[in-house]
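A.B. asks: With the sequences and hints as input, model every part of the structure.
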Amino acid sequence: MEKRDFTITAETGIHARPATILVQTASKYSSDVTLSYEGKSVNLKSIMGVMSLGVGQNADVTITANGDDEKEVLDAVAETMKKEGLTD
Amino acid sequence: MSLLLDGLAASSGIAIAPAYLLVGPDLSIKKQHTADKNHEVARLRDSFTLTTKELRAIRQRAHQDLGQQAAAVVDAQLTMVDDPVLVKKIENLINEQAATAEWAVKLITDHYLELFERMNGNDYLNSRALAIRDLYKRVISHLLGTKLPDPAALDHRAILVATNITPTDTAQFDRRYVAGLITDYGGRTSHFSIMSKTLDLPVVVGTHTATKKINDGDLLVVDGIHGKVIVNPTEAQLEHYRLLAGEFAREQQVWGALRDQHTISRDGRRYEVGANVGSLRDIDTARDHGAEGIGLLRTEFLYMDQTELPSEDDQFKAYRQFVSGMDQQRVVARTLDIGGDKRLGMLKLPREDNPYLGFRAIRIGLAEPTVLRPQLRALLRASVYGRLAIMFPMIATPEEFTRAREILDEEERKLSRAGIAVAGNIEVGMMLEVPSAAVMADVFAPDVDFFSIGSNDLIQYLFAADRGNSRVAYLYQELHPAVLRLVKRVIDAAHAEGKWVGMCGEMAGNPLATPLLTAMGLDEFSMNSSQILPIRSLISHLNVRQLQPLVHRALAARSAREVEMLVREYVPILRKN
Chain A
1 MEKRDFTITA
11 ETGIHARPAT
21 ILVQTASKYS
31 SDVTLSYEGK
41 SVNLKSIMGV
51 MSLGVGQNAD
61 VTITANGDDE
71 KEVLDAVAET
81 MKKEGLTD
Chain B
1001 MSLLLDGLAA
1011 SSGIAIAPAY
1021 LLVGPDLSIK
1031 KQHTADKNHE
1041 VARLRDSFTL
1051 TTKELRAIRQ
1061 RAHQDLGQQA
1071 AAVVDAQLTM
1081 VDDPVLVKKI
1091 ENLINEQAAT
1101 AEWAVKLITD
1111 HYLELFERMN
1121 GNDYLNSRAL
1131 AIRDLYKRVI
1141 SHLLGTKLPD
1151 PAALDHRAIL
1161 VATNITPTDT
1171 AQFDRRYVAG
1181 LITDYGGRTS
1191 HFSIMSKTLD
1201 LPVVVGTHTA
1211 TKKINDGDLL
1221 VVDGIHGKVI
1231 VNPTEAQLEH
1241 YRLLAGEFAR
1251 EQQVWGALRD
1261 QHTISRDGRR
1271 YEVGANVGSL
1281 RDIDTARDHG
1291 AEGIGLLRTE
1301 FLYMDQTELP
1311 SEDDQFKAYR
1321 QFVSGMDQQR
1331 VVARTLDIGG
1341 DKRLGMLKLP
1351 REDNPYLGFR
1361 AIRIGLAEPT
1371 VLRPQLRALL
1381 RASVYGRLAI
1391 MFPMIATPEE
1401 FTRAREILDE
1411 EERKLSRAGI
1421 AVAGNIEVGM
1431 MLEVPSAAVM
1441 ADVFAPDVDF
1451 FSIGSNDLIQ
1461 YLFAADRGNS
1471 RVAYLYQELH
1481 PAVLRLVKRV
1491 IDAAHAEGKW
1501 VGMCGEMAGN
1511 PLATPLLTAM
1521 GLDEFSMNSS
1531 QILPIRSLIS
1541 HLNVRQLQPL
1551 VHRALAARSA
1561 REVEMLVREY
1571 VPILRKN
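Just so you know, the protein sequences line up as chains A and B, in that order.
The first sequence begins at 1 in our numbering and counts up by one.
The second sequence begins at 1001 in our numbering and counts up by one.
Worth flagging that the hints you see were computed from the coordinates, not collected in a lab.
Values in this document were obtained by computation on a predicted structure and should not be read as measured data.
Note that the Cβ used here is the ideal one computed from N, Cα and C, for glycine as well.
It is possible that part of the hints are untrue.
Stated by the list, open to error - Just some of the chain B residues that point at chain A, by a computed CB distance under 10 Å:
(1) D1075
(2) L1280
(3) R1320
(4) D1466
Said to hold, decoys possible - Taking lysine-lysine pairs in the DSSO-like style, the calculated list, with each CA pair at most 30 Å apart, reads:
(5) A:K82 - A:K71
(6) B:K1089 - B:K1053
(7) B:K1088 - A:K3
(8) B:K1088 - A:K40
Said to hold, decoys possible - Chain B side only, calculated, beta carbon under 7 Å to chain A, not exhaustive:
(9) V1085
(10) M1119
(11) R1128
C.D. replies: Here it is as C-alpha cells:
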C-alpha cells in the first residue's frame, strides 16, 4: 500500500474540471485509489465521490493506492494535481 | 407593450431577434416499484449506454466547433456516467427497494444535489449541480423514451430562451442561427457562462422569469452589456439598441484587434498600458483586456477582513500567483498603503484629526518593521516567478526612500544568506504623490529605478482639496496647468537619469489627458482594465511629435478649462465627447 499527503493550494479547491481530470487519471490504473479528507474517504475513480468531498483551498488530503501499480498511479496523480494547479 | 427583464450580463453584445423557447418534455417521475429487478437494472444500463453514446457525439461536435474548453465541460459529464460508484449505488437501490430505474436515478440524483447544496452555495458547486441535472435529464429521457428539446433543430435566426441552458445544449447550437441566449437560472461563473463567452454571443442569465414571461416568436432585445432583456420593444427602443449594437460591433472590431498589440502611437512611439489590480480575479480581467503588465498591484486586499497580519507565506503564495499570472510582463507591487481613507482592524492606529496628512503608507512601514519586512520578504521570494517591481507609497523625502530601500536590501541579503533565490532584475521605485517629492524629483531620480505618479493623491495634496468633499471637489482638476507642470517636471527629471515614469491614478485613464501625457513622454499608463483598449486605441491615433505645441500651450494656460479646449482643438477625435 502506498500513501501520500497533499495540500491543495488552488484558490477554488478541487472543482469540477480538475476533479474530472484526476478521476480520468486514476481510472487508467488497476490499483484501488482512495482520496481522504477530514475523516471521509472516497474512491478516486468516482467523480461523484470526489466532488461530494467538497475539498477547498488549503485542505490537507491523503491519497492511498493499493494494487499492482500503486506507485505508478500515485506518481501520475501527483503530477496531474501539479499540472492542474491544485498543489504547488 | 414592452417588458423589461433584469438579469446578469454573462457575455457581452446586443442582439435583436425573435424568441425560440427551449422547453423540455415532461420528465416528472413518480415513485414506482417493480416486480422484475433484473429488467430494471438492464434498462438502467441501457440508458447509461445510450447517454454515453450521445455525450460522445456531443463532445466530438463541441471539440470541433467550440474547442478544448467546451469539450472539457462535456468530459465532466462523461466521467459521471462512467462513474462505477454511481451506477453501483443506483443498482443497489433497485435491488434493495425494488425501485424502478427512473425512481432510483431520481433518488440518487436528489441525494447528490442536496449534498452539493449543503456545501456552501458557491458558483463552482452550482456548476456541478448544473452538470448533474443535465446528465439526469438525459438518462431519464432515455428511460422514458422521450426526446429532449433539440437546439440543433433551430432553422432560423433566433434568441434561445430556456430555464437553463446546459453545457451539452450549447455544444449543439448551430451558430448560424443562434443570435443570443437568455436563461432563468445561472451565475456568472457557471459552466454555461464560461462557454457562452467562447460562443461570442450576447447572453443574459439569471432572469428568473424569462421562460414564463416570453412567448415563442416574441421580438426580443438581449443586452449582454448591461444584463437586460426587452420583450416586444417599442420602435424607439429598437432604434436605440440598433445604434448601440452598431457602435458595439465597431468598437469590438477596433479594440479586439488591439488586444494583443503593443501600444504604439501613429508616429511610432511605444508606450505601455497596464492594469491596476487589487485581487487575484483582476488578473484574468487584465489579461482579457490586453494589459501589457500590472502598473499597480494594490496589496491591501491581503490585509482586509483579517483579524491578524497575513503571514509571509500567505503573502508569498498570493504574490507568486500575480507575478506568474502575467508571464514575463512587469508587475509593480505597491507596499501596504493604509491609513487615510483605508483603515485596518488588526493594526491599532491612533485616531487622527487629519488622517490624510497623518500616519499612513510608508510612514507606518518605516515605523512598524513587523509589517513591512515580512511583506518585502514575500515579494522578494515571489520575484523569481516573473518580472517584479516594488514601489513604496507616499514617499515625501529622499531619506524615506533611502531608508525603505535599505530595509529591502537587508531582507534581500538575509534571504540570500538563507539560500533562498531572489530575482536579479527587480526594479525598485516609488509612488510620486506627495508634492514635495514631485518638486524634488531630480534629487530622487538617480536613486530610483522608476517613478509611478499617483495622480489622485498628488492632485488632492496639490490643491489641498478632498475630492470626496462635494464643496471643494471642484478644485480637483486633472487637466490643470499646475498638475501638468508638475508631471512634466517629474518626467523630465526621470528621463535625464534614464529612468522610466508611469502613472497609476485615474488621470492615466482620462482620454483628455492622454494626448498631453504621451507628448510629455510618460512611459507607462496603468488603469482599470476596462479602460485599457480605449486608451490604446486613442494612442494609436495620436501623432505625438505634432502634439508638442499643444504641450507648450497647455503648460502656459491659465486653467483646466482652457487646457481642455486646447486638447480638443489639437485632437479632433476627442471633440465629440
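A.B. asks: If a hint holds in the structure, say so; if it does not, say that too.
C.D. replies: Status of each hint after checking the structure:
With a least beta-carbon distance of about 5 Å to chain A, the hint placing D1075 of chain B at the interface is held under the 10 Å criterion. Checking L1280 of chain B against chain A by beta carbon gives a least distance of about 6 Å; that is within 10 Å, so the hint holds. Checking R1320 of chain B against chain A by beta carbon gives a least distance of about 9 Å; that is within 10 Å, so the hint holds. With 10 Å as the threshold, the beta carbon of D1466 of chain B stays out of range of chain A, its nearest partner Cβ sitting at about 36 Å, so the hint is violated.
Of the pairs offered as hints, the one joining K82 of chain A and K71 of chain A holds, with about 17 Å between alpha carbons and a cut-off of 30 Å not exceeded. The hinted pair formed by K1089 of chain B and K1053 of chain B meets the criterion: a straight-line CA distance of about 22 Å does not exceed 30 Å. Restraint check: the Cα-Cα separation between K1088 of chain B and K3 of chain A comes to about 26 Å, which is no more than 30 Å; the hinted pair holds. With a C-alpha separation of about 19 Å, the suggested pair K1088 of chain B and K40 of chain A falls inside the 30 Å cut-off, and the hint holds.
Hint status for V1085 of chain B relative to chain A: holds, with the closest Cβ pair at about 4 Å, below 7 Å. At a threshold of 7 Å, the smallest CB-CB gap from M1119 of chain B to chain A is about 4 Å, leaving the interface hint in force. For the restraint placing R1128 of chain B at the interface with chain A, the shortest Cβ-Cβ distance is roughly 5 Å, inside the 7 Å limit, so the hint holds.
Hint 4 alone, counting from the list given before, is not met by this structure.
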